[in-house]
Structures are given as structure tokens and as C-alpha cells.
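Asker: Sequence:
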Amino acid sequence: MSRIVRPFLTVVTFLLCANFGSQEESMTGREKPKINFYGTLTDTAGKSYKVQNINISGLYKQIPVYQKPENKETDPNINITRIDFAEVYSIHVPHPNVLLVYNNRQYIEIVITSKDIKKTKDTYIIERSKRVICDQVNTAGPIEKDLSFQAVDTLVFEGHKTPAPEPEVEKKPASHG
Numbered sequence: 353m354s355r356i357v358r359p360f361l362t363v364v365t366f367l368l369c370a371n372f373g374s375q376e377e378s379m380t381g382r383e384k385p386k387i388n389f390y391g392t393l394t395d396t397a398g399k400s401y402k403v404q405n406i407n408i409s410g411l412y413k414q415i416p417v418y419q420k421p422e423n424k425e426t427d428p429n430i431n432i433t434r435i436d437f438a439e440v441y442s443i444h445v446p447h448p449n450v451l452l453v454y455n456n457r458q459y460i461e462i463v464i465t466s467k468d469i470k471k472t473k474d475t476y477i478i479e480r481s482k483r484v485i486c487d488q489v490n491t492a493g494p495i496e497k498d499l500s501f502q503a504v505d506t507l508v509f510e511g512h513k514t515p516a517p518e519p520e521v522e523k524k525p526a527s528h529g
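Heads up, the sequence shown is in this note's numbering, so the first residue is 353 and it goes up one at a time.
Rather than coming from a laboratory, the hints here were simulated on the basis of the structure.
Treat the hints loosely; a few may be bogus.
What follows is a list of derived Cβ distance ranges for each label pair [as the list claims (entries may be wrong)]: (1) THR396 / VAL489: 14 to 22 Å; (2) ILE430 / VAL489: 20 to 28 Å; (3) GLY410 / ASN490: 16 to 24 Å; (4) LYS420 / SER400: 24 to 32 Å; (5) ASN490 / ARG457: 31 to 39 Å; (6) ASN455 / THR392: 17 to 25 Å; (7) LYS424 / THR396: 38 to 46 Å; (8) THR475 / GLN414: 14 to 22 Å.
The calculated EDC-like cross-link candidates involving lysine to aspartate or glutamate, where the alpha carbons are at most 20 Å apart (straight line), are [said to hold, decoys possible]: (9) LYS513 / ASP436; (10) LYS386 / ASP505; (11) LYS420 / GLU510; (12) LYS513 / GLU461; (13) LYS482 / ASP468; (14) LYS470 / ASP395; (15) LYS497 / GLU383; (16) LYS471 / GLU439; (17) LYS471 / GLU461; (18) LYS471 / ASP498; (19) LYS470 / GLU510; (20) LYS386 / GLU461; (21) LYS399 / ASP474; (22) LYS402 / GLU510; (23) LYS497 / ASP395; (24) LYS467 / GLU439; (25) LYS384 / ASP436; (26) LYS402 / ASP505; (27) LYS424 / GLU461; (28) LYS413 / ASP436.
No residue lacks a Cβ here, since even glycine has one placed at the ideal position from N, Cα and C.
Based on the sequences and whatever the hints tell you, model everything.
Answerer: Quick look at the structure:
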């Protein structure tokens, strides 16, 4: 009987410890992107926020978006464009309540304005499951925002910065004596 109980208790103990460890990690919040893109987010309710640490479902470069197919039977995956925030002036969602369905997957239309001199605008679609994640700037500390594209009107990028490297702790030689 103890041959069954000991492995069971070991597994239960491991699961409990793993669960408590993940709670401690979540106290510090989500992991921030290596490059801090910042700007202004306007939601569909008309509220504007200064935001930083902007990403789309964890990405700030090589984000896949798709050309809008002419017919519903065409798979959008045949024409992928990968965008980088460093090249984007703004992202606008012109029809937040209109979902497009291709191959049983839902997409939403977005208009991307480039940072080029002409402010070139291109229309793409992005998977409905993708989310805009950022920190709202607040004097009490950053407020995490996690929005579906259906809740976004416009996201304007004002710049980016890389975090300062953390100072190295000087190691003292061990004393023998």
C-alpha cells in the first residue's frame, strides 16, 4: 500500500509547490518587452491613454498580418506581411464590430500607417484572438491593459527606448583565513 501512497504524495506535493511558485511570479506582473514602445491608445469608448511596453500578444516585431482575401474560401495565410512597431506610426481599427471569417477563423480589419514621409496606409486583417497588451502610464504605477482589437480605435506610436542595463554587482574575492 505504501508503494502507491508515497509516489502519490510526492506528485501532490510537487503540484502544490509549483502552484504557489507561480503565484509569487505573478505578483511582479507580466514580463516586459525588451524594447519599450510607447504612445497613445484610444479605445472605442473614446478614452485616450498614454501607454508604454506595447505589444501584440507578446510581439513587437515580425507580427503577422494578412492581406484581405477577395473571397471567403481563400486562406489568408497565403499572403502574410510581418510588421515591426519601429516602422509603424499608427494602427487603426475602422470597423471594430465587424468580424471577417475565413476557413472558420475570425479576423478583424486594421489600417496600418507607416512612419515613412508619405504616411503610407495599408489595410490588413489580423486574427481576432490577437490582443493589444500595454501599461497605462499612471503616477501610482503602471496599470496593465489587455485589449481585444474590438476595443481599440487607434494606437499611435510616439517612440521607443531600450531599458538601461542593470549595474553589475562587484564580486569580492573570498577571504581565506
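Asker: Run every hint past the structure and note whether it holds.
Answerer: Comparing the hints with the structure gives:
no.: 1; hint: THR396 / VAL489: 14 to 22 Å; result: 20 Å, holds
no.: 2; hint: ILE430 / VAL489: 20 to 28 Å; result: 40 Å, violated
no.: 3; hint: GLY410 / ASN490: 16 to 24 Å; result: 22 Å, holds
no.: 4; hint: LYS420 / SER400: 24 to 32 Å; result: 28 Å, holds
no.: 5; hint: ASN490 / ARG457: 31 to 39 Å; result: 36 Å, holds
no.: 6; hint: ASN455 / THR392: 17 to 25 Å; result: 35 Å, violated
no.: 7; hint: LYS424 / THR396: 38 to 46 Å; result: 26 Å, violated
no.: 8; hint: THR475 / GLN414: 14 to 22 Å; result: 20 Å, holds
no.: 9; hint: LYS513 / ASP436; result: 14 Å, holds
no.: 10; hint: LYS386 / ASP505; result: 26 Å, violated
no.: 11; hint: LYS420 / GLU510; result: 27 Å, violated
no.: 12; hint: LYS513 / GLU461; result: 29 Å, violated
no.: 13; hint: LYS482 / ASP468; result: 25 Å, violated
no.: 14; hint: LYS470 / ASP395; result: 26 Å, violated
no.: 15; hint: LYS497 / GLU383; result: 14 Å, holds
no.: 16; hint: LYS471 / GLU439; result: 11 Å, holds
no.: 17; hint: LYS471 / GLU461; result: 19 Å, holds
no.: 18; hint: LYS471 / ASP498; result: 27 Å, violated
no.: 19; hint: LYS470 / GLU510; result: 17 Å, holds
no.: 20; hint: LYS386 / GLU461; result: 28 Å, violated
no.: 21; hint: LYS399 / ASP474; result: 25 Å, violated
no.: 22; hint: LYS402 / GLU510; result: 10 Å, holds
no.: 23; hint: LYS497 / ASP395; result: 11 Å, holds
no.: 24; hint: LYS467 / GLU439; result: 6 Å, holds
no.: 25; hint: LYS384 / ASP436; result: 17 Å, holds
no.: 26; hint: LYS402 / ASP505; result: 14 Å, holds
no.: 27; hint: LYS424 / GLU461; result: 14 Å, holds
no.: 28; hint: LYS413 / ASP436; result: 4 Å, holds
Hint violations for this structure: numbers 2, 6, 7, 10, 11, 12, 13, 14, 18, 20, 21, all remaining hints satisfied.
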